[in-house]
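Throw the hints in and build the complete structure from the sequences for me.
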Amino acid sequence: MSGGRESTGRRVLDALRRDPLAVGGTFVLLLLIVVGVAGPWLAPAGVNDVDVDAMLRPPSGAHLFGTDELGRDVLSRVLVAARVSLEVGVVSVGIALVAGVTLGLFAGYYRGWLDSVLMRCMDVLFAFPVLLLAVAIVAVLGPGLLTAMVAIGVVYTPIFARITRAGVLSVREQVFVRAAVSIGASDLRIMRRHVLPNIAAPLIVQTSLSLAFAILSEAALSFLGLGIQPPAPAWGRMLFDGRGFVTDAWWLGVFPGAAIFLTVLAFNLVGDALRDVLDPRQLTVSEARRSTP
Amino acid sequence: MSRNKLGVIGAALTLAVGVLSGCTGGEAVDVGDGGGSAGGAGGVLNAAIGGEPDQLDPHKTSAYYSFEVLENVYDTLVEPDADLKMVPALATKWTTSEDQLTWTFTLRDGAKFSDGSPLTSEDVVYSYERIIKQKLNTAYKFATVKSVTGPDPATVVVTLSAPTPNLLANLGGFKGVAIVEKTNVESGKVKTAPVGSGPFKVAGYTSGDSIKLVRNDAYWGDKPKLDGVTFTFVKDPTVALQNLRSGQVQWTDNLPPQQVKSLRDGDDPVVESAPSTDYWYVALNEARKPFDNPEVRRAIGYALDREAITKAAKFGLATVNQTAIPKSSAFFYDYAPYSHDPDKAKQMLDQAGVANLTLDLMVTSEYPETVTAAQVIAAQLKDVGITVKIRTLDFAQWLDEQAKGNFGGFMLGWLGNVDPDEFYYAQHHSGGTFNFHKYANPAVDKLLDQARTETDQGARKQAYEQAAKLIVDDASYLYLYNPDVVQGWSKKVSGYDVRSDRAIRFRSVALGK
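Same order as they appear, the protein sequences are chains P and U. Residues 0 to 292 (numbering that gives the first Met the number 0) make up the first sequence, in order. Residues 0 to 512 (numbering that gives the first Met the number 0) make up the second sequence, in order.
Don't read these hints as lab results, they were simulated from the structure. Check the hints yourself; a few may be wrong.
[As the list claims (entries may be wrong)] Label pairs and their calculated CB-CB ranges:
| id | chain 1 | residue 1 | chain 2 | residue 2 | range |
| --- | --- | --- | --- | --- | --- |
| 1 | U | GLY207 | P | LEU30 | 36 to 46 Å |
| 2 | U | THR182 | P | ALA138 | 57 to 67 Å |
| 3 | P | ALA138 | U | PRO336 | 41 to 51 Å |
| 4 | P | LEU131 | U | GLN350 | 47 to 57 Å |
| 5 | U | LYS403 | P | LEU20 | 47 to 57 Å |
| 6 | U | ASP266 | P | LEU261 | 55 to 65 Å |
| 7 | U | ASP382 | P | LEU261 | 31 to 41 Å |
| 8 | U | ALA286 | P | LEU145 | 22 to 32 Å |
By construction, the Cβ of each residue, glycine as well, lies at the ideal position given by its N, Cα and C atoms.
Pasting the structure below:
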């Protein structure tokens, strides 16, 4: 590592600022958050203002993104659906993060049979194709926003469990952990105060990447009719409803599709930039790049 | 649920002379380029249908996709003609006893199954007894049948427990009452390789892809011009249309509804429609408060804008109707008490003391128009202060919930009914098999029971009109619309007609170059 040790936060900001793609991604994310929070107020019309006489109007001054097959304003629906996507992303990744980190911590810290049992379970979950598992879970719990969140959360748990466990395995051998054990600190305290902070970096990277995939998964579930239920707007569902109209009303599919694309792209760009800064394996590369004139 | 009600395409009434303008007015396809007479050259017609049959046993399947195929494979004693009048098929003539309780049918001379074995009265008796004894899908059509016997190979005698004016419709309305071959059924082959006496026979069935029919040379009627028909399963209407345009298929009934208007203006593919006998409706659970109150149900009747619902759900390919029976039927009853009047609806709800009402409206992804319509209904009911929670289920789950009475309301349709008994009895009689919304009105019960056995057609029609008025006034079902049957075919196809009962008949179709 270079001599002048900066805080992690500072390094992250610096790195993001130098990477134009990351700046763009961050900008889109901020915009998304604003829309997600203020969507219903930003929307020019109500999401369920049905007006069948105005169905399938192309984009115009009155309806910037046109109207859908029930005469609803597509722009309004795209804006309001941002909240659903964010909600699903944050909640499901939150579930995966909490569950995965807890399982990984215990498995890596205690090792032994607990490790074997937990990680083999994770392996089984991991072996399923992501969407198939999510669909199976929704099939059991019944379609809806909440079950979609739970399903996506469960699907992404093993990744977090594995990353956490791998980190814990190396950190638990460190001298400062042994020191903490020797002065009689409890296991829980050691995990919380000494282990967790030292494995946070890869988890942060994984979180931002998982957000992208979670939003994509929600769109896929909604597309299959297993996510949020109509008439509430969701990007995936809008794509599904618009697919019958691709030839005569392109705007039904293009705008929600673009929203999914931009959101996922933004999360990925930011996630990549974060990895450049935080991932220990990538660290040496980026440090080296920095120190060369 | 043994009976998928939507799949059951119903029967045609013998004496109901439908004024089917759509069927009679210049529907015959004329191939302008003179290719019509070249039809005898045969060829195989490729038809794209929207899904795969669950099985091909005509007595056990309830899927419309199955009947699209089976219509061309099986025969019934009598069958509906273009005007849905019952005409001879396997039976060439029939007589009725003085007391209306004994019907004697004479079977066609030389009728054979496609495997060459003769079709006799034994087969008719076997087929009907199979339906009745095993309580199969169409058993309810035999409710008044006491016995079926075959005194000689060419004669079938049906004995009834009560006069049944619509017996011919029951015995020939659709291929769900087809005459099957005993050995074919008992070997179990009927599920995938059925043997019938119709114009075509099944030559191959590739699960997930297609069913191949070839001409049945043993057919009793005019020899089909086509060498065969291949039904392919194309779920996506956009793809089906592309296939039709590219010439991969020559016929489909799976057209994207929003494109039908512009397609009808073109001349290739030919797209035609006929008013159907189907109807779509909303039912409210009368076992639940406040829907037990007819005033509340009526208020919802006034809150609905049927024109808007129809436009959204069917892109105008339907006719708004506040009763079940379409205009084309002789039993049509012109009665439309509900105007779209949100203020009146609000007032009625206030008077009924109902506020902050939430309606759990159950729809199914199997029939996407219910999902679309439900969203329009939700918006309309919001205007009168009712919150609609739409529950979209797959059909198996939907039927399950319906049977358990686990719904506030639902939207669905009935396909192919023709006789008024089929339109009203099972749905609105307090003991009706499909009265899942628990409607009960003794006056309606009495009228429906009486009309069922009434042989005087005038009195029968009157009884059904009285019953229909009560049903509409009580808002047992909130009727929405009768959709059109829309089908499209290549210009090379000649001799095909869209039928209002949705039967797909390729027996007299020819394929030009």
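How the hints compare with the structure:
Roughly 45 Å separates the CB atoms of U/GLY207 and P/LEU30, a value that falls within the hinted 36 to 46 Å. A hinted range of 57 to 67 Å is violated for the C-beta pair U/THR182 and P/ALA138, which are about 41 Å apart. P/ALA138 and U/PRO336 have their C-beta atoms about 43 Å apart, which keeps the hinted 41 to 51 Å range intact. Range check, P/LEU131 to U/GLN350: about 53 Å between beta-carbon atoms, so the 47 to 57 Å window is met.
Hint check: U/LYS403 to P/LEU20, Cβ distance near 55 Å, so the stated range 47 to 57 Å holds. Against the hinted window of 55 to 65 Å, the Cβ-Cβ separation of U/ASP266 and P/LEU261 comes to about 44 Å, which falls outside the hint. The supplied range of 31 to 41 Å is met by U/ASP382 and P/LEU261, whose beta-carbon atoms lie about 35 Å from each other. Separated by about 28 Å at the C-beta atoms, U/ALA286 and P/LEU145 satisfy the suggested range of 22 to 32 Å.
This entry does not satisfy hints 2 and 6, going by the numbered hints stated previously.
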